[in-house]
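> Generate the whole structure from the sequences, applying the supplied hints.
Residue numbers (my numbering), protein chains in the order written: chain A, 1008 to 1157; chain B, 1008 to 1157.
Honestly, the hints are just simulated from the structure, not real lab data. Just so you know, even glycine gets a beta-carbon here, dropped at the ideal spot from N, CA and C. Incorrect hints may have been included.
[To be verified] Derived CB-CB ranges, DEER-like: (1) B/K1123 <-> A/K1120: 45 to 51 Å; (2) B/P1137 <-> A/R1134: 20 to 26 Å; (3) B/P1021 <-> A/R1080: 19 to 25 Å.
[Said to hold, decoys possible] These stretches of chain B come out as covered by chain A in the derived footprint (C-beta under 8 Å, 3 or more residues): (4) 1024-1031; (5) 1035-1043; (6) 1047-1060; (7) 1087-1099; (8) 1122-1131; (9) 1138-1144.
Protein chains: 2
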Amino acid sequence: MQMPISVPNRMKDPLTRLPGYVLRRASAATVAELNQRLQSLDLRHAEAACLLLIDASPGLTQSEIGRTLDIQRSNMAPFALRLESRGLIERRKVDGRSQGLILTPIGRSVLAKARKVVEAYELSLIRRVPEELRPAVLPILMALWNRQSD
Amino acid sequence: MQMPISVPNRMKDPLTRLPGYVLRRASAATVAELNQRLQSLDLRHAEAACLLLIDASPGLTQSEIGRTLDIQRSNMAPFALRLESRGLIERRKVDGRSQGLILTPIGRSVLAKARKVVEAYELSLIRRVPEELRPAVLPILMALWNRQSD
DNA sequence: TATTGTTATACTCTATAACTATA
DNA sequence: TATAGTTATAGAGTATAACAATA
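Below, the structure is given as structure tokens:
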């Protein structure tokens, strides 16, 4: 992400009327912002998401996490390895091929800090939206994601 | 993007309540979908955006486009080169260092098809959202992007 | 047969630094 | 001094294929 340009852009921009385009730009901007806020914990946003998932469901396997986060099984291997070698998670054999992932004490401590960062960031995001539109935020994003809100 | 899992996911998922997370997932999913629809034109979503911009403001320079799309100047070079070597755009010297970009006849023809794909996709996106929420879509996305709607 | 974890590999996207030519 | 275009390079992120071990 480049830092925002402060001079007004006088260019015709036919793109900012396209929800899909603005969705991409909003996502790219917020990912960059969240990654920056997580930098001091040496975490990427997807790693924080992974820790949050494991904390909510200890014993999840790599494959299950990958399916939830839409990360390929093959890409989960180095991903989980990094969390493991940093001592944030442990693997526990479930059967001969699956290994449940759980947080270590260090992992729980890092997650506690990450959770604060994430929650503060989510709050700052929602606060960008005019109050009367806030109830529509999740339903709209879930719909664009093509998921039922529930 | 993996194809969606059809079996319901019974896993606790604390993430889908987080607007920022859902924003990222919605964006990733829609980028993948749009890229797939543009595949037959051998265009990526950012290339289509670039053509749309040049068409709206012929003579834009690489740097200006990069600032508009948040693509680094250094990354714009191979990007523009590809469009040029495919005969979609031409460079016209503005002064000793800047080159304005314009669409070639081929570029206009490809853009016409790309525009249809993009507009159809944008329409399909907005249709995912319940009708009464649609007016809030752009204001919310612009707010999350941290831009004024106007 | 299908699934888990893994390795290898390739491609895209993004980020930084440095260079030149020009304004 | 600042800007435009370029090159080189490194790091993420993502995609596919293939393999062994296990269910």
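> Flag every earlier hint the structure violates by its number, smallest first.
Violated: hint 7 alone.
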